[in-house]
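Visitor: Residue numbers (this note's numbering), protein chains in the order written: chain A, 1 to 348; chain B, 349 to 467.
Source of the hints: derived by calculation from the structure; they are not laboratory data.
Errors might be hidden in some of the hints.
[Claimed, not checked] Calculated lysine to aspartate or glutamate pairs in the EDC-like style (CA-CA distance at most 16 Å, straight line):
#1 K365/B <-> E285/A
#2 K210/A <-> D384/B
#3 K365/B <-> D76/A
#4 K210/A <-> E434/B
#5 K277/A <-> E434/B
[Unchecked claim] Covered stretches of chain B (chain A as the covering partner; in silico rule of three or more C-beta atoms under 8 Å from a C-beta of chain A):
#6 379-393
#7 445-451
Idealized CB from N, CA, C, for every residue including glycine.
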Amino acid sequence: MNNRDTNFDQSPSRFKGKIITDEMAGKITRVEELAYILKISDVMSSSLKTLSPDHSMQDVLVTMRENRISGIPIVDDDSHALLGMVSTEDLIKCLANQDIDANLTKYMSTKLVTVNSFDYLTEALKLFARTGLGRLPVLDENGTLAGILTKGDVTYGLLRALEHDYIEEEVRRYRASHLFEDIESDRSSLILRYTIEHYDFTHGGSASSKIKRALLRLGANAQLARRVGIGIYEAEMNLIIHTTHGGTIHVEIEPHQISVYVWDEGPGIEDVDMAMKPGYSTATEEIRELGFGAGMGLPNIARCADEMDLRSELGKGTHLTMKFFLKGEDVVGEGYTGKGKKETENDA
Amino acid sequence: MNIKNLIKFIDGDLLTKSADLTREIKGGCGADLMSDVLASIQPNAVLLTGLCNPQVVRTAQMSDVAAIIFVRGKKPPQETIDLANEEGIPLITSPFGMFELSGRLYLAGLPSLEQPISE
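Modelling step: build the complete structure from the supplied sequences, incorporating the hints.
Guide: Structure below.
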């Protein structure tokens, strides 16, 4: 594991001594980012086999064989200070001299390259790259030995951190997906409310985005989350584009159905039947330049929802209801359906 | 085709970071009207567009788009890039136009993931 060449070795030196421009920053991978977030103490091996300087090379050989390790830190019994390291190379030199009974201090390396446990991983990567060493002793704040860092530890630590990113979302999903299980009532539901401002294109879609994420965490399958997400996104954009004062989105989630209520206080739709026709739009040129106003919003909503009801009164406002029904064994918030259980229907 | 290969194939530049570039692309869809995208696109498509505002990212997120390609070397504003980073959707800019890109990708074996809109 120690001699395996990894890309991590090169990453810091690629940026060494350079000011990182925005363009370069864009090319930094998550792994490189992690090297600046993780501390050496996060990834090092801290359960250590050490020897005091009064042992023989024979003891070194036995310790290495029994623990299947290739380097042993030599530590002073009283002060706990790190005195040196004995590696397999040192042992080979000793065997070549047929000098196995010698005291280990005769063969140990005392010129040590060490790292600090509180430094970022990137410091260790630089040292690995520069020195070609396979392992670095790690010292704590007091200068005493805290652990050993090998390239294998680095690889493992980075992989674990990457996996953690993934698991965190999985845990959230697991927790949320059982939301309704321990709550007893005749009919439990979860209500999410969002206020949408008129002409707020900057945040346009953020409510739908949050709702879609909530549904996925609650255990909804990808296809349902997509349908609900698209339907609400169209409605949200309608509030932003067409209303006088914005409006409200209200989502009620029950284990077997999702009801969405969207309402505003004006100006109202003059001809609801016309508005439902694909391609019909009252949007301005400005709105079209933003990629909306194709006259597909309401027809899209009708296509996504299992039931849709649109009521509008000119000068009073518009009320839109969308209902989504979960079929068969699909539920939200009542048990974990597991990831990838049902990929989207349209998947080729 | 995965996103990494796609970027090479279209002389593209990746504008976002920390996205999963091994994600497999199932096909493509090209449009500047986001409602058209929402109405017709199927999951795991690459979206070709000339529209650069953050709504492109929202639209992509809602419709499970695998990556967005900006045509004709267009570069979206920072707010679009920020949102894409947040949502983990790769943004790519390519020097080719919409027609040329569609042709190239279609010839490379990517089918159309635009389903006809009919009720």
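Visitor: Would you mind marking each hint as holding or not holding in the structure?
Guide: Going through the hints against the structure:
1. For the hint linking K365/B to E285/A, the alpha-carbon distance of about 34 Å lies beyond 16 Å, and the restraint is violated.
2. Among the hinted pairs, K210/A with D384/B is inconsistent with the structure: their alpha-carbon atoms are about 22 Å apart, more than 16 Å.
3. Proposed proximity of K365/B and D76/A is contradicted: the alpha carbons are some 47 Å apart, above 16 Å.
4. With a C-alpha separation of about 12 Å, the suggested pairing of K210/A with E434/B holds against the 16 Å cut-off.
5. At most 16 Å may separate the alpha-carbon atoms for a hinted pair to count; K277/A and E434/B exceed this at roughly 35 Å.
6. Under the rule that three or more residues need a Cβ within less than 8 Å of chain A, the assignment of the region 379-393 of chain B holds, with 10 such residues.
7. Coverage of the region 445-451 of chain B by chain A is violated in this model, with 0 residues showing a Cβ closer than 8 Å to a Cβ of that chain against a need of three.
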